[in-house]
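A.B. asks: Work out the full structure, taking the sequences as your base and the hints as a guide.
Chain order of the listed sequences is A and B. Position 250 (the first sequence) corresponds to 232 in my numbering; numbering is contiguous. Quick note, my numbering runs 10 ahead of the 1-based positions in the second sequence.
Keep in mind that the hints were calculated from the coordinates and are not lab data. Hints should not be assumed to be uniformly reliable.
[Said to hold, decoys possible] Some residues of chain A that are not near chain B, with every Cβ distance over 10 Å (derived):
no., residue
1, Gln23
2, Pro31
3, Leu139
4, Val152
5, Pro197
6, Gln215
7, Phe225
8, Lys238
9, Asn247
10, Glu250
11, Glu284
12, Arg288
13, Gly291
[To be verified] With beta-carbon atoms standing in for the labels, derived distance ranges:
no., chain 1, residue 1, chain 2, residue 2, range
14, B, Glu140, A, Lys34, 35 to 45 Å
15, B, Arg166, A, Gly35, 23 to 33 Å
16, A, Asn123, B, Leu277, 50 to 60 Å
17, A, Leu187, B, Arg166, 18 to 28 Å
18, A, Arg295, B, Thr161, 26 to 36 Å
19, B, Ala408, A, Asn123, 54 to 64 Å
If you're wondering where the values come from, they're calculated on a predicted model, not measured in any experiment. The beta-carbon is built from N, C-alpha and C at its ideal position, and this holds for glycine as well.
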Amino acid sequence: MKRAIFTFGMAIGFGLMVAPATAQTLKAVKDRGSLICGVSQGLPGFSNPDDKGNWTGLDVDYCRAIAAAVFNDPSKVKFSPLSTKDRFEALKAGEIDVLSRNSTWTLSRDATYNFIGVNYYDGQGFMVRKGLKVNSALELNGASICVQTGTTTELNLGDYFRSNSMRYEVIAFATADETIKAYEGGRCDVFTTDVSQLYSEKLKLAKADDHVILPEIISKEPLGPMVRHGDDQWFDLVKWVHFAMINAEELGVNSKNVDESLKSNMPEIKRLVGTEGNFGEQLGLTKDWVVRIVKHVGNYGEVFERNVGSGSRLGISRGINRLWTKGGIQYAPPIR
Amino acid sequence: MKQALPGGPPRVAVHNNPKVRSAFYQAVALVLVLACAYAFTVNASANLRAQGFASGFDFLGNTAGFGINQTLIDYSETDTYGRVFVVGLLNTLLVAVIGCVFATILGFIIGIARLSPNWLIARLGGAYVETIRNLPLLFQILFWYLAVLGTMPGPRQSIGLGLQPVLSAIGDGIAAIGLTAIADGFRSLAAWIGPPDIYLNNRGVILPRPLLGDGFEWVAIAFGLAVLLAIGLRVWARQRLDATGRTFPTGWTAFGLIVGLPLAALLALGVPISFEHPQLRGFNFVGGLRLIPELVALLFALVTYTAAYIAEVVRGGILAVPRGQSEAALALGLRRGLTLRLIIVPQALRVIVPPLTNQFLNLTKNSSLAVGIGYPDLFAVFAGTTLNQTHQAIEIIAITMAVYLAISLITSILMNWYNARTNRRFER
Chain A
-17 MKRAIFTFGM
-7 AIGFGLMVAP
3 ATAQTLKAVK
13 DRGSLICGVS
23 QGLPGFSNPD
33 DKGNWTGLDV
43 DYCRAIAAAV
53 FNDPSKVKFS
63 PLSTKDRFEA
73 LKAGEIDVLS
83 RNSTWTLSRD
93 ATYNFIGVNY
103 YDGQGFMVRK
113 GLKVNSALEL
123 NGASICVQTG
133 TTTELNLGDY
143 FRSNSMRYEV
153 IAFATADETI
163 KAYEGGRCDV
173 FTTDVSQLYS
183 EKLKLAKADD
193 HVILPEIISK
203 EPLGPMVRHG
213 DDQWFDLVKW
223 VHFAMINAEE
233 LGVNSKNVDE
243 SLKSNMPEIK
253 RLVGTEGNFG
263 EQLGLTKDWV
273 VRIVKHVGNY
283 GEVFERNVGS
293 GSRLGISRGI
303 NRLWTKGGIQ
313 YAPPIR
Chain B
11 MKQALPGGPP
21 RVAVHNNPKV
31 RSAFYQAVAL
41 VLVLACAYAF
51 TVNASANLRA
61 QGFASGFDFL
71 GNTAGFGINQ
81 TLIDYSETDT
91 YGRVFVVGLL
101 NTLLVAVIGC
111 VFATILGFII
121 GIARLSPNWL
131 IARLGGAYVE
141 TIRNLPLLFQ
151 ILFWYLAVLG
161 TMPGPRQSIG
171 LGLQPVLSAI
181 GDGIAAIGLT
191 AIADGFRSLA
201 AWIGPPDIYL
211 NNRGVILPRP
221 LLGDGFEWVA
231 IAFGLAVLLA
241 IGLRVWARQR
251 LDATGRTFPT
261 GWTAFGLIVG
271 LPLAALLALG
281 VPISFEHPQL
291 RGFNFVGGLR
301 LIPELVALLF
311 ALVTYTAAYI
321 AEVVRGGILA
331 VPRGQSEAAL
341 ALGLRRGLTL
351 RLIIVPQALR
361 VIVPPLTNQF
371 LNLTKNSSLA
381 VGIGYPDLFA
391 VFAGTTLNQT
401 HQAIEIIAIT
411 MAVYLAISLI
421 TSILMNWYNA
431 RTNRRFER
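C.D. replies: Following this line, the structure appears as structure tokens:
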């Protein structure tokens, strides 16, 4: 019921809004003194609160990077945990400034919102109990499958089973916690979501070793932050925070050596850290915007390793999320 | 000095005429409301267009693409959002109708139990009401779902609740004391029913699916005939009562007719029913009927919760009938059962029906809490998944509101009609 009131309230608010919100987000954020960032309700590695209420994760670090670029202070972020069901409405209604919540970039979503880029290339997979002795997703005919509602996952699942002429029973829950709890309780044989999320949900299971992630990847799930339509300045700013982190990694600028890089003579690095040109100002930021991001949060590689990579509990290998120079597909346009 | 004006009432200016004034103010209020609604619509659609959102109801014809685990009509991923809406609506109505029926039965039993002169029964009824109505409903739904149904074994360790093992055990028992003919009867009945057919596991309750054979329509016809006969009987009995003052056991006769006639037809046709038995294959049972645990948990929670309120409504209604009414009836020589049926219940119903309507409406609306356990009701699959896939919040929320409003209004109309009918008896 709460959700109904929430959504309905937004519909009303939307109707009463006198003028469409345009080009005001950066000013609103500065006036407010903090960024409001929509995140998940708890997904280790991407956005997860600890017992003191501090949020960490790859998606969270993107919010912190934006706050660092705007305020030179990565702590000036208010996190708004959203279910998959409520996330877009919250963005649409202006409750949040940016949605950094492991959301898949699709055409229909891009037609109504703006994706700023891909901060994690993911794909959908399946997790089952080892006891079922299933080795391939093609052996799942007749299985009961737990899925989170309102996701591309739900649609991919339908496509996959339909194209392989297999039957299945889907049980759709509103939150990730309800979904994984139902799977753990035995309501379903299979839990399906993006592979990154499978790894992180697996950590929450009481006997993580009793479960296995099947080899099939059934979909493309490029995950990335989103902003509202109609504010190009804010769209560019958030997009270039993402590109700055990738460029910093490519140029070898990280949180430890960023101060030394200010003395660098390399033209590309000079443009990156703002000792040459006024690139930050073109975005409505300061010249040292990248220094702020990298010093407080780190470059893309650092953020990846710390949250989901080998330096984290998830231990996911970089895979296709490596830079294009290292055999992956992470690539950013140049700062010039 | 003023003098009374000759002839007719005093004339007043048009703007001082109370009738004109009240009509004017009402018209102004109506215009304001309509203007607000118009501004709201225009503004919302302009804002939506400005931000590039589609509006309108065309999305109902698009392919949904997601699966639903309980559908009362045929549904697959290739069907449209419009069909998703119907599937969700039927699932909501299923819970609402079954829930209201069982909540009423349970509520009446508990309400009467609370009035029982038996100390233990009254206290048990009171404890039930006070416990159940003081716990949040969502908590109770989760309790039934996670703590009760969630602890059932997996499909491969299902609990079999066969009628067959029970019947053959009875048969064996009877054979042991020498009544071979009766024992054989039980055994052949067990054999006819077949292997265990009801299973309980964490995927729900699995039952055999009855398959109706040729000639079953005669049973349905017999049933319809019995109902018509029962109605005719009632009319005749009432007329006879008015004419001669003699009563007729209408209830029992009607019951006998409605059960007996179809049963006779069934036996005459050689029982044209067979059962499709569920079989464990692969991950789960194949065949048979399955009640998903989400439905069972939701119904249990809604029925027990609403019954607690209905019990109080019933208790209040019965207590509202003055004591003198039953004393007078007993003094006239009416038996206790007749006193209850003819004197107390009709008067109590006048008090019970309006608040009972409230409880039916509450149950229907509370069924949207299904979203907490993944039961695919209207709110979950339409105002939830469909909204999320199509991003058409205003249209979907408007449709959903209209549907809940329509269900509630229809319930109200039916109950008000019943209430008016109940009250008419007192005006005769």
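A.B. asks: Of the numbered hints stated previously, which ones are contradicted by the structure, given in increasing order?
C.D. replies: 3, 4, 15, 16, 19
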